[in-house]
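Student: Line order of the protein sequences matches chains A and B. This note's numbering applies: residue 1 is where the first sequence begins, and numbers increase by one. This note's numbering applies: residue 1 is where the second sequence begins, and numbers increase by one.
None of these hints come from the bench; they were simulated from the model. By construction, the Cβ of each residue, glycine as well, lies at the ideal position given by its N, Cα and C atoms. One should not assume that every hint holds.
Here's a subset of chain B near chain A, in silico, CB distances under 10 Å, partners left out [what the hints assert, rightly or not]: (1) V88; (2) H91; (3) L103; (4) I104; (5) N107; (6) Q111; (7) F113; (8) V227; (9) V267.
A few chain A positions that, by computed beta-carbon distances, are all more than 12 Å from chain B [to be verified]: (10) V102; (11) R112; (12) T306.
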Amino acid sequence: MRNRISLFGWPELIAVLLLSCGFFVPMFTRSVLIYSVLNQVFIGVVAAQSVWIMLRMNLLSFATPAFMALGGYTVAIAGRYEITNAFVVTAGAFLVPALVAVPLGALVLRLRGTYFVLVTFVLSEIVQLLIFETPSLTGGSDGISGVPPVTLLGTDMATNRQVLQFCCGIAVLATVVTGGLTRYFRQHFAAIEENEILAESLGLVVWRYKALGFVVAAGIAGLAGFALVSMLLTAHPSSFAAAIAVDFIAYTIIGGPTSILGPLFGTGALVYATNLFGTHGQYAQGLYGILILIVMLVARGGIVGTVGLLFNRLRGARR
Amino acid sequence: MAQFLQAAIIGLSLGAQYALLALGFTLIFGILGVVNFAHGGFYMLGGYVAYSCVALLGVPYPLAVLIAVAATAALGWVFELFLLERLVDDHLATLMLTLGLYLILSNGLLQTFGPLAMEFRFPVSGAIRLGPVYVPQENLIVLAICLAAIVALWVVLYRTDLGRGLRALADDRAVAMAQGLRPKLLFPMAFALATGLAGLTGALVTPILALSPGVGDPVLATSFLTVILGGLGSLQGAALAAFAVGLVEAFCSVYFGGSIGALILFVLVLLLLVFRPTGLLGRTVRGA
Numbered sequence: 001m002r003n004r005i006s007l008f009g010w011p012e013l014i015a016v017l018l019l020s021c022g023f024f025v026p027m028f029t030r031s032v033l034i035y036s037v038l039n040q041v042f043i044g045v046v047a048a049q050s051v052w053i054m055l056r057m058n059l060l061s062f063a064t065p066a067f068m069a070l071g072g073y074t075v076a077i078a079g080r081y082e083i084t085n086a087f088v089v090t091a092g093a094f095l096v097p098a099l100v101a102v103p104l105g106a107l108v109l110r111l112r113g114t115y116f117v118l119v120t121f122v123l124s125e126i127v128q129l130l131i132f133e134t135p136s137l138t139g140g141s142d143g144i145s146g147v148p149p150v151t152l153l154g155t156d157m158a159t160n161r162q163v164l165q166f167c168c169g170i171a172v173l174a175t176v177v178t179g180g181l182t183r184y185f186r187q188h189f190a191a192i193e194e195n196e197i198l199a200e201s202l203g204l205v206v207w208r209y210k211a212l213g214f215v216v217a218a219g220i221a222g223l224a225g226f227a228l229v230s231m232l233l234t235a236h237p238s239s240f241a242a243a244i245a246v247d248f249i250a251y252t253i254i255g256g257p258t259s260i261l262g263p264l265f266g267t268g269a270l271v272y273a274t275n276l277f278g279t280h281g282q283y284a285q286g287l288y289g290i291l292i293l294i295v296m297l298v299a300r301g302g303i304v305g306t307v308g309l310l311f312n313r314l315r316g317a318r319r
Numbered sequence: 001m002a003q004f005l006q007a008a009i010i011g012l013s014l015g016a017q018y019a020l021l022a023l024g025f026t027l028i029f030g031i032l033g034v035v036n037f038a039h040g041g042f043y044m045l046g047g048y049v050a051y052s053c054v055a056l057l058g059v060p061y062p063l064a065v066l067i068a069v070a071a072t073a074a075l076g077w078v079f080e081l082f083l084l085e086r087l088v089d090d091h092l093a094t095l096m097l098t099l100g101l102y103l104i105l106s107n108g109l110l111q112t113f114g115p116l117a118m119e120f121r122f123p124v125s126g127a128i129r130l131g132p133v134y135v136p137q138e139n140l141i142v143l144a145i146c147l148a149a150i151v152a153l154w155v156v157l158y159r160t161d162l163g164r165g166l167r168a169l170a171d172d173r174a175v176a177m178a179q180g181l182r183p184k185l186l187f188p189m190a191f192a193l194a195t196g197l198a199g200l201t202g203a204l205v206t207p208i209l210a211l212s213p214g215v216g217d218p219v220l221a222t223s224f225l226t227v228i229l230g231g232l233g234s235l236q237g238a239a240l241a242a243f244a245v246g247l248v249e250a251f252c253s254v255y256f257g258g259s260i261g262a263l264i265l266f267v268l269v270l271l272l273l274v275f276r277p278t279g280l281l282g283r284t285v286r287g288a
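Here chain A stands alone, though its shape is the one from the complex (with noise of 0.2 Å):
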């Protein structure tokens, strides 16, 4: 029961703390550039976090973009009617996406192993072309632009300042619910991950666990589009694509499947490593390819695995 009751570890604090840094990185520095980097980074660990939650009971999502879109489109879609209150939407870009999950999560979670990975790529691509056979509602193939900024507390967060510290809000927000849902929770999804047969057949309700999983990392993907929607005032079904769905899935992998700081240093990593390449950012997807397989090959535990390993291997040396 002590354990139960625990909703935050070393690993989770730290999350928040690095996290939260990004709100004082206006005070240092005003490179758009940097901005940029930051707020790429805040999108992705948000969304490589819905995946790694499925993940923690070893179900590999490709349903981030499907939720991604609900939750950006719900935004774009208040704007115009001017809602534009900073709780409402974000309320809304979880609660939206956390609702459709309910009935769809009652269907596909009967689903395991590679049908549940078929079946959320599936899914992604019938939101998307129901963003394009829906123009009245979604704008079509020419989504809806000009989305108001947010307002909090009567500011509309407008300026490159203002965005990137909602952004880093947000992350933290995500990393809160995510870090509280899986320490909670931690000894079920890990019972569900190891062997979920014999978890049920200890008495464990895997379905409740597996929807509740479900329907969080729904809501925390509709943030990331949420974010993603405040940053760019536009909706467009290309930031939507299921394909983009294989990034986050290598932010999580590469930075390592095992612990909640490997979404944010699998994310930093990669978009960091994108940015370098400058002009020649079209590297980036060659690039997680040869990662990917490098953590496949020789390192399952990714980034955060293997120093893991490493400290370990130095303490033990040591002694």
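Take the given structure of chain A and dock chain B to it, following the hints.
Tutor: Showing chain B alone in chain A's frame:
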């Protein structure tokens, strides 16, 4: 009526192309239990190898197609033998490995050939009149080659020792190994066979449709659609589903336009996955 027939012929032609792709995809899953995310990449690679042979080396197109098949099969064989084989029993790891390979392949092609579509044309052009409709000659040739390749694959799988070995490994690997079959020898061959089929399709189809670094994504999505409809791992199911997908796509694009056809297919596949994961034929080939 002419419009109906025209759509039916286009649908059959598309179906034959999809069948070649889906057979390779489902062959890999049925025998190795691997979902090959790099399948679209091998299709692209086949197209680019054929293009390079024709445009840069002046090789005749039929020979270029054979070289493309050999190149994609060789890469598939090497990839399976040296990388995939090490983690072949881990579904998630193999999926990630093929995803990594796809990213490397598509990015490598993008860097080598640039983002623009290549000027790659089928060597035969013109149309043949069949009753009230005109059918492009290149479509008929591709249809004939695809059907011949499907028959050849059937012969390999059902009339040769190699095929019997592969099917035995797909049915029960432990028993097959006890009988003396060697997965380390046969798995790379199965993978090479499948990637060679993807390369063949790429070399045949990209001169008719398009050849650019992005063409692998829709191919992967179509392969998914087809093999799920047919039942993952089922060769007969994949072949039947491929023609069904081709016909639905063709009729929907003629009569409805837009992406309604794709949307209908994806929703159908979603429902199938949820309520009948074994596909239309309902035969369980391999637990996923």
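Student: Could you run down the list of hints and mark each one as holding or not?
Tutor: Verification of the hints:
no. : hint : in the structure
1   : V88  : violated (12 Å)
2   : H91  : holds (6 Å)
3   : L103 : holds (3 Å)
4   : I104 : holds (4 Å)
5   : N107 : holds (3 Å)
6   : Q111 : holds (7 Å)
7   : F113 : violated (12 Å)
8   : V227 : holds (9 Å)
9   : V267 : holds (6 Å)
10  : V102 : holds (15 Å)
11  : R112 : violated (8 Å)
12  : T306 : holds (16 Å)
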